[in-house]
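Engineer: The lines below spell out each chain.
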Amino acid sequence: MIEQQYIDLFQQFRSEIDSNSVSGMNKHRDSAFAKFKQIGFPTSKLEDYKHSNIARQFDAEFGLNLRNIEIPVNPYETFKCDVPNLNTFTYFLINDRFYNQVDQKEGMPENVFVGSMRQFAEEHPDVFEKHYAKIADNEENGLVAYNTMFAQDGFVVYVPKNVEIEKPLQLINILSSGVDLNVNRRILIIAEENAHVKLLVCDHTVDEVNFVVTQVTEIFADKSAQVDVYELEENSTKVTRLNNLYSEQLDNSKVVTSSITLHNGYTRNNIRFRLLGEHAEAHAGGLAICDKEQHIDNFAFLDHSKPNCLSDELFKTVLNDKATGVFCGKILVEKDAQKTLAYQTNRNLLNSVNAQMFAKPQLEIYADDVKCSHGLTTGHLDEEALFYLRSRGMDKEEARLLLLVAFTSDVVELIRIPTLQDRLTQLIDKRFRGELMRCGSCNVCK
Amino acid sequence: MLTIKNLHAIVEEQEILKGVNLVVNPGEIHAVMGPNGSGKSTLASVLAGHPKFEVTRGSIEFKGQDLLEMEPEDRSREGLFLSFQYPVEIPGVSMVNFMRSALNEQRKYRKEEPISATDFLKLMRDKRQLLGMDSQLVSRSVNEGFSGGEKKKNEIFQMAMINPLLAILDETDSGLDIDALRVVASGVNKLQTKENATILITHYQRLLEYIKPDFVHVLSDGKIIKSGGADLALELEKKGYEWLINP
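Protein chains in written order, with the numbering used here: chain H, 13 to 458; chain C, 5 to 251.
Hints were generated in silico from the structure; no laboratory data involved. It is possible that part of the hints are untrue.
Which bits of chain C does chain H cover? Going by a derived footprint, with three or more residues having C-beta under 8 angstroms, they are [stated by the list, open to error]: (1) 63 to 77; (2) 94 to 106.
Taking lysine to aspartate or glutamate and the EDC-like style, the derived pairs with C-alpha atoms no more than 20 angstroms apart in a straight line are [unchecked claim]: (3) Lys179/H / Glu409/H; (4) Lys56/C / Glu409/H; (5) Lys56/C / Glu395/H; (6) Lys155/C / Asp394/H; (7) Lys342/H / Asp71/H; (8) Lys408/H / Glu82/C; (9) Lys250/H / Glu447/H; (10) Lys408/H / Asp225/C; (11) Lys266/H / Glu135/H; (12) Lys112/C / Asp407/H; (13) Lys56/C / Asp407/H; (14) Lys155/C / Glu204/H; (15) Lys112/C / Glu152/H; (16) Lys408/H / Asp138/C; (17) Lys56/C / Asp394/H; (18) Lys115/C / Glu396/H; (19) Lys250/H / Glu409/H; (20) Lys56/C / Glu32/C; (21) Lys112/C / Glu410/H; (22) Lys408/H / Glu73/C; (23) Lys243/C / Asp225/C; (24) Lys408/H / Glu19/C; (25) Lys115/C / Glu410/H; (26) Lys155/C / Glu395/H; (27) Lys56/C / Glu425/H; (28) Lys408/H / Glu93/C; (29) Lys266/H / Glu204/H; (30) Lys347/H / Asp394/H.
Just so you know, even glycine gets a beta-carbon here, dropped at the ideal spot from N, CA and C.
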């Protein structure tokens, strides 16, 4: 059993785990441990993991930095951001630890907290207690249970009632280690009533070892709150990224997420939205461009339990070489969720005969007055469009690139930061030109 | 300018063109007419280099060069333009970006500098007005959500932007109402000079009331069975094609 070494590790190092974390996080470890022992890591025997055997990703010797040993990395020196000219409040997580750095108070509204999870749990124990490990599902998802057992720090955004942070926040996750490492990272975003915040999360690798990363992000959007979370992955091919994003929304709130994978090794995104108030809006976008033997699995679950809500999913995948893509989109419209509008679109492009895509829409509707739709296509680049562009004098390769970038454009347009849209379009263009075969800041991938 | 000799072409193993001969000189307007399925659109596609069609015999010379040896983009850069019967919708590619890239590729081929932003915008505005196109249309994605008429206008707009030597208009009149037809025809007439030439491919005589051809050819079963002056089109309008096909 692959889980056993992690169970032993947890029991053996329990006191170190606790003493290098805070009570607010520690108090959830026992129940998570009990659950993990029961369900373990997801395997491909589970329908929702049919094409991603997660357990196998843990079947190796990984170190865990449970004693909080400092990683000798200065992100300000080593990190060159791929998204320049983007005016943000910038923060770093080195592996799973918040990197203590310069205060950015200027322009930041009062009473907002952005920073270390450990610090937040101690400064605002009540708020932390109310939300931490409450939104993410410890019951069915073994990855969340595992993460809750081992996570010792992370990143928190707390925006009080009626406060709007106009300038976007940017969290840069850096993977750095001399040995193969398991990283368990935690993010919590709390937007109180009518609070507004936008967060860009960038993932990068700076060292050439294997990483298995679990990340659990919990988003709570109170009444009329607006939360945008854009994730941009540019990891090395040696990274397994197991991302779990959970969102809960109350009346009139709006949450926009986008999970963009420009470069990766093995990625699974579990995206779960629960619409718990009326007139709430959820937009979930996703884009992955994979080649070599990269793997991308996007799993999105939209749960409508209240009337008059809207959800819209748009996921796109571009696969080259021997890459594998998976998409599963579940929409659940519960009995009371009348007047629900739920849309789902999944489009996939295969540029190689050896690339594979598995896609599955899954709609469960128990209310009778709803509008739900889904569209799914997997195919090749449109030859007629290619000829049309060439017939106007465009070079075949340029025309192909233009069409590839165009294929991704509607996902980019979901992002509500215009400068980021522009930059992302450039990055995507570079990616298709093969100039982004390694991430901007690392030299791992060749 | 263009010399087509004994052209045979197949699509999906079926022979469509069975020996077409045609000579087009600078300053001339040729109309190619014929019943459905006679091979008119295949001729247009073969000239533009559509990869679906395969030429099995014959030759096409364009400005003294072997056209069949050229990639579609090089045909365009040498001055050949096809107005599509069914223009393709390309979501995510804006008309502005598309036209700028296309123009600059054309200029690069002629070893010219890329067009300046000011000149480009002025050119866009001038040509748009020539076709009476809404400024909204050019800021949208290529042909996306355009009506049939708007798509055809957009083809002539692109032609005006690129200013080709030889324009092939494939059923440009189909799907146009009478007002749109007038606008499109006047656009084509304004672009016609002594140096360039036009091939109009059409099923009906209607377009020829607005664009006066120098030569009219009747294509039937993959061959030109009769050529004449503008009068031939009028005769066809009266008598149909039957008297020519089965005399």
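Engineer: Now look at each hint and say whether the structure bears it out.
Structural biologist: Verification of the supplied hints:
1. 63 to 77: holds (count 3)
2. 94 to 106: holds (count 8)
3. Lys179/H / Glu409/H: 38 angstroms, violated
4. Lys56/C / Glu409/H: The given pair, whose Cα atoms are some 18 angstroms apart, holds under the 20 angstroms limit.
5. Lys56/C / Glu395/H: 10 angstroms, holds
6. Lys155/C / Asp394/H: Given that 20 angstroms is the threshold and the Cα spacing comes to 18 angstroms, the pair holds.
7. Lys342/H / Asp71/H: Cα-Cα ~29 angstroms, so violated.
8. Lys408/H / Glu82/C: Judged against 20 angstroms, a Cα distance of about 16 angstroms means the pair holds.
9. Lys250/H / Glu447/H: Cα-Cα ~19 angstroms, so holds.
10. Lys408/H / Asp225/C: Given pair Lys408/H, Asp225/C is violated - Cα atoms ~33 angstroms apart, limit 20 angstroms.
11. Lys266/H / Glu135/H: 28 angstroms, violated
12. Lys112/C / Asp407/H: Between Lys112/C and Asp407/H the Cα gap is close to 11 angstroms, so the pair holds against 20 angstroms.
13. Lys56/C / Asp407/H: Roughly 18 angstroms separates the two Cα atoms, so the pair holds.
14. Lys155/C / Glu204/H: Not satisfied, since the Cα-Cα distance of roughly 49 angstroms exceeds 20 angstroms.
15. Lys112/C / Glu152/H: 59 angstroms, violated
16. Lys408/H / Asp138/C: 30 angstroms, violated
17. Lys56/C / Asp394/H: With a Cα-Cα distance of about 13 angstroms, the restraint between Lys56/C and Asp394/H holds, given a limit of 20 angstroms.
18. Lys115/C / Glu396/H: Distance of about 28 angstroms is beyond 20 angstroms: violated.
19. Lys250/H / Glu409/H: Violated. Lys250/H to Glu409/H sits at ~30 angstroms, over the 20 angstroms cutoff.
20. Lys56/C / Glu32/C: 29 angstroms, violated
21. Lys112/C / Glu410/H: 14 angstroms, holds
22. Lys408/H / Glu73/C: 15 angstroms, holds
23. Lys243/C / Asp225/C: Holds - the C-alpha atoms of Asp225/C and Lys243/C are around 19 angstroms apart, at most 20 angstroms.
24. Lys408/H / Glu19/C: Distance ~27 angstroms between Lys408/H and Glu19/C Cα, so the pair is violated.
25. Lys115/C / Glu410/H: 18 angstroms, holds
26. Lys155/C / Glu395/H: 19 angstroms, holds
27. Lys56/C / Glu425/H: Status violated; Cα separation ~34 angstroms.
28. Lys408/H / Glu93/C: Status holds; Cα separation ~18 angstroms.
29. Lys266/H / Glu204/H: 12 angstroms, holds
30. Lys347/H / Asp394/H: With Cα atoms ~41 angstroms apart, Lys347/H and Asp394/H exceed 20 angstroms; violated.
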